[in-house]
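Q: Sequence order for the protein chains is U and V. Every letter in the first sequence is one number past the one before it in this note's numbering, and letter 75, counting from 1, is 75. Every letter in the second sequence is one number past the one before it in this note's numbering, and letter 224, counting from 1, is 224.
A couple of the hints might just be wrong.
[What the hints assert, rightly or not] 20 angstroms max Cα-Cα, derived SDA-like pairs, lysine to any residue:
| no. | chain 1 | residue 1 | chain 2 | residue 2 |
| --- | --- | --- | --- | --- |
| 1 | V | K189 | V | Y172 |
| 2 | U | K8 | U | L18 |
| 3 | V | K17 | U | L94 |
| 4 | U | K3 | V | L120 |
| 5 | V | K109 | U | F4 |
| 6 | U | K8 | V | M115 |
| 7 | U | K8 | V | L114 |
| 8 | V | K177 | V | M115 |
| 9 | U | K8 | V | K109 |
| 10 | U | K226 | U | F315 |
| 11 | V | K168 | V | D111 |
| 12 | V | K17 | U | M138 |
| 13 | V | K17 | U | D132 |
| 14 | U | K236 | U | Y211 |
| 15 | U | K73 | U | L94 |
Because the hints were derived from the structure by calculation, they are not lab data.
The chain contents come next:
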Amino acid sequence: MLKFYVGKFLQYFLVIVLMLTLNFLLPRLMPGNPLVFLAGEDVGFMTSEEKNEILDKHGLNDSIPQQYISYIKNIVTGDFGYSYQQKRSIADLLKERMPWTLLLAGLGLVISTIIGVMFGALSAWRRGSSTDANLLTMFMFLSAMPSFWIGMILVSIFSAQLGLFPVFGAESGWSNLTGMDRFFDILRHLVLPLTTLVLISVTNTFMIMRYSMLNVLGEDYIMMAKAKGVRDRVIKYKHAMRNALLPVATVFMLSLGFMLGGATVIETVFAYPGVGRLMFESVVSRDYPLIQATFLIITFSVVIANLLADILYPFIDPKVGGQREK
Amino acid sequence: MKSNRWGYYWKTLSSSKLGLFGLSILCLFLIIALFAPLLAPFNPMERVGQPFGEPSSTFLLGTNDVGQDILSELIYGSRISLMIGVIAALISIVLGIIVGIVAGYYGGKVDNFLMRVVDLVLVVPFLPLMILLAAFIGPSFWNIILVISLISWASPARVIRSQVLNLKTKGYVEAAKSIGTKASTIMLKHIMPGVIPIALSQFVMAASSAILIEASLSFLGLGDPFVKSWGTILYYAQARGAFLTEAWLWWVLPPGLLITTLVIGFAFTGYSLEEIMNPRLRKER
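Okay, chain V solo, but in the shape it has when bound (with noise of 0.2 angstroms):
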């Protein structure tokens, strides 16, 4: 049974076009990110070259402002921006399950308090309270996962909380709730497996707005001084003054395009699992 439902998710959405060409960019930036060391010709760290060198044989992208290859940079920066999607987008997506699910099981008050933070949360402008609280706690590649993630969950919280709304009135909730099991056992058991395709589609779309952001968080100088993610190597582009010279070509226009063909291939993905997933949404396309 469980299977077949997998089986079903996975023929639904390769048979979606949309969610085969996003998958397929994930699999892309996942095998670049993995294989960095063995697809980029220098360390990214490294000088290897003239300050400012234009495009050549040996450095196909050109050098930055202190000798490094472009190229490398922004092989290795698929890493840093897929593994802060990643992980932020995961952690706001489990809060998210725990505030969703225990809302929408209890009810009443609890409920009330939860959705009334859920509001209190997408109430203010998240990235100047991103802002405030990164200049606070310090740049730092946890400091930023954890600033990202600790706004993000309000969103999938919600959407969580109505679907687990739903499925409190399935009957096996209520036949297990009838001989006295306890609630944390129903959260988990009965209406933990209900909720995990929603959440699959609401990750991929955090995942793909905390790549957004953390491209504007080190765009602003609020990065990770020690690792370079795309949006760091714009942050130097724009610092520098690359953007009013040639160097655009090569030193402004590659990061942003591999931020939004990932974010693209996350939203694609998103899109057709939510497809799936609201079966009014895809008669209406």
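This is chain U alone, in the form it adopts within the complex (with noise of 0.2 angstroms):
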């Protein structure tokens, strides 16, 4: 047991270690000047000595294994550099866009989680039949679609021509709403972007949840609370459903993942101020630290969301615990 912890714990270790590695190579391999990527200054302008001067402040003039160092250790204390295209620290903007991203990501995933599981079973129970058929069509389809076209459509129907949501935005920022009216002014602008990214993410959910459910209506157990005359519902709610969310259970937290990704393109769409909207911000003015630091928030969310679910999948299933412990 604690040795599938330690193996789990090195695994994300190394990931991390991984991407900040690539992250500092990034634009000392490129061709060109790295000072273009690093310091985002217009290099051409400038005299040597200026240049120079640059160069030693950034410690670009050290060797690549002290530039490192000093990368590494700048990243642990939370200092992710300075945007000059945003004339702002990048820890601030990242701590002002997180927020929204999180409430966005986090939403979407448990209300996706609850209309896969419900309509999961559902194809399930009715397997064979025509509601089973047009459910998997259905999300098939929508798994189809690019994420940020789905978007682009909500926002010409709903808020350009019946005008019921606004275009875009988090909040409206100019009319100082206070209290419950803030709430539902966000909860307004939260709609279509929610709504979209719900759309992307909940074909997985549903895939799972019916192969699942299909599975666990196999088993005997259910055949005998047939055979006993227990009610319908019972049997689906009580005994198969219950089940099957296992599995659904174990990919809740690696679906976060799947979700900051689609927020990145969600946001774009929707002007929605959170961490994707602001890596988008970051590649059309070619910020390249502000790239840099969105990539890696991004991933730390992702390595830190799987490593909860390892920590939790065995009180979740008690098979697997039982298991490993032999």
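If you follow the hints, you should be able to join the two separate chains into one complex; please do so.
A: Structure follows, in structure tokens:
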């Protein structure tokens, strides 16, 4: 058991180290002046003395191992550098944007899991029927649609044509709303991006739940319950669904990575001020330190989610805990 | 024997409605892509009308912000989306086959190491990683393919490895080993043919996800600025605010529908191929 955790922990640690190293090497290995990537200065207009001064300031005249150590030190202490485009400390920017992404991805995760589970169970319960076939087809089509396009279409219909929801942003900044009014304002802004995120991620849960429910429905104890004359509703909800939920629970946390990736694109469509939108802004303005920082913060979140999933898994599934004990 | 096997695949594939539907979609898009110059009414790179033109008898789907014909853009765009999807999927599958066969055949430390690498690649959120790489190496046709295939090989590698583990215990492989056949020959001549069918279904799946990823990258402005894919068309539609006006009907809706249809074409073909490879799945459906 302990060995399992140590192995997992080492693996995630390695992911972080590798991604940090990749981030360290990218600006230094790419052709062209690393100054452009690291400092974002207008290199072309500088004298060599000025360039040297900046190189010194960023420690670029040090040896590569020295640079690497100070790079890691900075990241560990939460110093992600300075964004020359936004004229602000990157750590501050991330602190400001992260809550919005967590709100979007977190709610998206919960809602898409609930919907996926309900429909997955229904589909398996009515296996082979037209309901099953229709649900399968619908969810397969959903997963084939580009996420940003779903967002654009929703905005076109519900915001531009029908005027039901705001077109962009996370809240109406100029209105100085407080209390419940602000809450509902944020909610109104959240509806469309959240719907988009749920639509693109629900298929995964649906497929897993359907498959797992099909397996459970084939078990002897379901047969037994049916033979005893237990009502269908009770079999479905109490006997089958509860047991079929296990695989869904294991992918719950893992889906967070997918959510955060999906949020990058969706936040762009809705100009939603999260980390994903920040990544897009930094790509557009070629703000390389900021691109790297947003990538790192998303990767950290995903690794933490994975780690949590691994730690929680034996508690959810007693079978696994027991097997590993042996 | 060999032709019999392929004949069997074809029979199963064509007897599945899903597979036949998927294949017809793919053929349709292939024809559109091949005969784009004949089908498209205009050169998609040329300004042929008023900017932001509404659909008319000349421009069936209107014109974009610089007066290029949107229908022609869409027809030519099928070339880019198909090519990027297929080439990126091909590279990922070749990488996946190599890693999968080597890991599965040698086992032990080699297997352990390669599968750890696969785990690493699968943990990192792929879209942000691709954005990071694409931003640094710069937007171009081949760079997009490189970025997609650098990350998409991992999951097929794992599937192919488990197939190899299965094949390794087969009599003919054991026999080849016992008479001292070189490892490289066994892998190429005896194991490779056995993984091709499963690699084929993995290839089709990889192509469908590569097309979606390409669309996302292009939409974020990381596409090749000199070629126009469906994702690029949507990027400009977004940048010019087309989705806030009436223009969403002819500028935003069609490219997305085409992406969805093409992805569905690949996915349906892939699902029915998978059913052929995995008879257990067939019974359960």
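Q: Each of the hints needs a verdict: does it hold here or not?
A: Taking the hints in turn, this is what the structure says about them:
1. K189(V) / Y172(V): 11 angstroms, holds
2. K8(U) / L18(U): 15 angstroms, holds
3. K17(V) / L94(U): Violated, at about 49 angstroms.
4. K3(U) / L120(V): 19 angstroms, holds
5. K109(V) / F4(U): 18 angstroms, holds
6. K8(U) / M115(V): 13 angstroms, holds
7. K8(U) / L114(V): Satisfied, since the Cα-Cα distance of roughly 16 angstroms is no more than 20 angstroms.
8. K177(V) / M115(V): Violated, at roughly 24 angstroms.
9. K8(U) / K109(V): 18 angstroms, holds
10. K226(U) / F315(U): 30 angstroms, violated
11. K168(V) / D111(V): 14 angstroms, holds
12. K17(V) / M138(U): Holds: K17(V) and M138(U) sit about 16 angstroms apart, inside 20 angstroms.
13. K17(V) / D132(U): 16 angstroms, holds
14. K236(U) / Y211(U): 15 angstroms, holds
15. K73(U) / L94(U): At roughly 18 angstroms apart (the allowed maximum being 20 angstroms), L94(U) and K73(U) satisfy the hint.
Hint compliance for this structure: hints 3, 8, 10 are not met, and every other hint is.
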